[in-house]
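Turn these sequences into a full structure, and let the hints guide you.
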Amino acid sequence: MNKFYGEVIIGPPGSGKSTYCNGRKQFLLCFGVRAIIINLDPGNENLPYDCDINISKLIKMKELMENDDLGPNGTIVKAYEYISKNYMWVIDNILPFMNEKVYFLFDLPGQIELVTHYDYTHNIFDHLTKNLNIHLCVVNLIECTCACDSTRFIQSCITSLICMLRLSLPQVNVMSKSDLLLKISHKLSFKIDYYTDVLNMSYLIDEIQSRNTKFKKLNKGICAVIENSSLVSFMLLDVENKELMLKLGLEIAKAIGNYTLYNHDVRNLVHTI
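For the sequence shown, the UniProt record's numbering begins at 1 and goes up steadily by one.
Calculated from the structure, these hints are not laboratory results. Predicted model only: the values in this text are computed from it and were never measured. Quick reminder that beta carbons are idealized off the backbone N, C-alpha and C, glycines included.
In silico EDC-like pairs for lysine to aspartate or glutamate, Cα to Cα no more than 16 Å straight-line:
id, residue 1, residue 2
1, K191, D149
2, K3, E100
3, K60, E45
4, K191, E207
5, K60, E81
6, K78, E66
7, K25, E240
8, K85, D119
9, K85, D126
10, K78, E113
11, K217, E207
12, K25, D238
13, K130, D92
14, K216, D206
15, K57, D92
16, K187, E207
17, K25, D52
18, K78, D119
19, K57, E45
20, K187, D149
21, K78, E63
22, K25, D50
23, K242, D179
24, K62, E45
25, K220, E207
26, K183, D149
27, K101, D52
If you anchor each label on the Cβ, the simulated ranges turn out as follows:
id, residue 1, residue 2, range
28, D206, N131, 45 to 53 Å
29, K62, K3, 35 to 43 Å
30, P13, L199, 21 to 29 Å
31, Q155, D119, 19 to 27 Å
32, V225, D68, 34 to 42 Å
33, Q155, N200, 15 to 23 Å
34, N73, S230, 26 to 34 Å
35, K254, M98, 21 to 29 Å
36, L180, M98, 37 to 45 Å
In structure tokens:
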């Protein structure tokens, strides 16, 4: 059975997941690779791309919301419970594409609690990897503006770590919309490398303490967990920047062992796309 590769794109609302899927699909076309986008967000009705598989054909958010009298967040949790029980629908829709060489992009909802607090997302991809020969990498997007707020950045780091542990898949963490860095640079307490490399986090604690003395022990404990794991770091990404897209693509390829995806001279890749 042939090997297939793909990405599971997660991140909070507004982090650019759907935009990334669209840009990634176009980027892969430059290398002769057809990307199959699978929309796993039943609440996203305004997709910036033409998806090949749409979970909305399996379950309708509006109908579920009305029938069960639930709010938006409760509805998406209920929807994922249903999807996890009916994972064969996803598999059956993927199988027809496995007759050719393709690359899979799974676009997930922005409700990150579907990963951090529930097993549904893990179970769905556990079934996919066991039933299909697909090697997946999680691409975890957070907006680069989170670096402007030390508390928010710590939250993003611990959430990224939890996602890595919960999904049990290779993961690349990404600061999206890096084109905004020039506009927000004056709001950063440290240079951007400090945030991407997740260096000594005690400086963040001191910075927070100077503004707010509450929750110092909690923040200190969370930072200790992040530092002791040595697993969290971020890559910068601007979907319009070919070089950054290539660097991220190479990192993802390395994470899932897909060394044949970019069968070009890497030094000349940026100049040929």
